[in-house]
Amino acid sequence: EAQVTQNPRYLITVTGKKLTVTCSQNMNHEYMSWYRQDPGLGLRQIYYSMNVEVTDKGDVPEGYKVSRKEKRNFPLILESPSPNQTSLYFCASSSLALGTDGYTFGSGTRLTVV
Amino acid sequence: KNQVEQSPQSLIILEGKNCTLQCNYTVSPFSNLRWYKQDTGRGPVSLTIMTFSENTKSNGRYTATLDADTKQSSLHITASQLSDSASYICVVSARNNNDMRFGAGTRLTVKP
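Chains A and B are the protein sequences, given in the same order.
Take the first sequence: its letter number 17 is residue 17 in the working numbering, and every next letter is one higher.
Take the second sequence: its letter number 111 is residue 225 in the working numbering, and every next letter is one higher.
The hints are simulated quantities; they were obtained by calculation from the structure and are not laboratory data.
You may find that some hints are simply not true.
[What the hints assert, rightly or not] Distance ranges between label pairs, derived from CB positions:
1. A:V54 / B:A208: 15 to 23 Å
2. B:Q186 / A:R9: 32 to 40 Å
3. A:S80 / B:T192: 43 to 51 Å
4. A:E79 / B:L196: 38 to 46 Å
5. A:M27 / B:L196: 36 to 44 Å
6. A:K57 / B:E119: 22 to 30 Å
7. B:T170 / A:S95: 36 to 44 Å
8. B:T140 / A:P8: 20 to 28 Å
9. B:E168 / A:L11: 39 to 47 Å
10. A:P61 / B:T140: 36 to 44 Å
11. B:P226 / A:V14: 16 to 24 Å
12. B:K225 / A:E79: 19 to 27 Å
13. A:K18 / B:D183: 28 to 36 Å
14. A:D56 / B:T140: 32 to 40 Å
No residue lacks a Cβ here, since even glycine has one placed at the ideal position from N, Cα and C.
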C-alpha cells in the first residue's frame, strides 16, 4: 500500500531534550515536506526537500532541522524543543511530475513539549 | 503574499442536507487548486484537483468549482452523511507546483 509513515504518533517530552520524528514513504517520491498544524492557522511548511541531499526552509523553520540522506526518509529533528513547538506535525510526499494528484500525507505526530 | 482564505470557519448541518464551502485565493501565477478532507487527528486526503482550464470537477457527492478570473473556488457536498464531519482544506499551488498555500480549513459537523 502506498503510504507515508510517521513515528511516533504521540510524543510528550521536556524542554531541551533532543528528539527526532521519522518519516518514510514507499512511493519513490522526489519531494517531501514537513508541516505543523495549529488551531486556526492551517498547515504551515517547516522544511521541504526536492530530492536526496537537497533541503530548503519553508515558512517556519526556526528550531527545526531535517536531513535527506535517502530518498524514502525525511526525519524532522528538534535539537532543543520548546513549549511553542507543541503542535500536530505532518509529513507529506509527492512526485515532482506535473499533473500528479498532490500530496500524500502521513497520519500525523502530536507533540507536546512541557 | 500568496494567501488562501476559507469560509465559513465552521459549519453545522443536519444529515442529508447540502452545503457549500468557499475558498478565495491570491496565489499567483496559479497552477492548480486542491480540496482535501482531514478527519480529526489524521492527515489530509485529496478530494479533487483543478487546473486553470477546469471550472467544475466531481468526486462522488463532492463537487468543486473554480472561477480563475475571480480567484474563487467552492466545494459543494450533496446529501451529507455523518462521515462527512471533518475539516476541509483548500490548497492552491503556484506554477512551480511545489509552492503550496494552505487555507485554515472549514470545520464541518454533520448531525443526525
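- Message: Can you tell me whether the CB distance of B:P226 to A:V14 sits inside 16 to 24 Å?
- Response: violated (43 Å)
- Item | Cβ separation of B:T140 and A:P8, checked against the hinted range 20 to 28 Å | Distance hint for B:T140, A:P8 is violated at roughly 37 Å.
- Message: Is 32 to 40 Å respected by the C-beta to C-beta distance linking B:Q186 and A:R9?
- Response: holds (36 Å)
- Item | B:L196 and A:E79 - C-beta distance against the hinted 38 to 46 Å | Distance hint for A:E79, B:L196 holds at roughly 43 Å.
- Query: Measuring from beta carbon to beta carbon, are A:D56 and B:T140 in 32 to 40 Å?
  - Reply: violated (23 Å)
- Does the Cβ pair A:S80, B:T192 satisfy 43 to 51 Å? holds (50 Å)
- Between A:K18 and B:D183, does the C-beta distance stay in 28 to 36 Å? violated (50 Å)
- Query: Do B:T170 and A:S95 keep their Cβ atoms within the hinted range of 36 to 44 Å?
  - Reply: violated (25 Å)
- Task: For the range 39 to 47 Å, tell me whether the beta carbons of B:E168 and A:L11 fit it or not.
- Result: Since the Cβ atoms of B:E168 and A:L11 sit about 41 Å apart, the hinted range of 39 to 47 Å holds.
- Per the hint of 36 to 44 Å, is the separation of the Cβ atoms of A:M27 and B:L196 within bounds? The hint (36 to 44 Å, Cβ to Cβ) is violated, given that A:M27 and B:L196 are roughly 31 Å apart.
- Message: Please check whether A:P61 and B:T140 have a Cβ separation lying inside 36 to 44 Å.
- Response: Hint violated: Cβ distance 23 Å, outside 36 to 44 Å.
- Query: Should the hint that A:V54 and B:A208 are 15 to 23 Å apart at their CB atoms be regarded as holding?
  - Reply: holds (19 Å)
The structure is inconsistent with the numbered hints 5, 7, 8, 10, 11, 12, 13, 14, although it conforms to all the rest.
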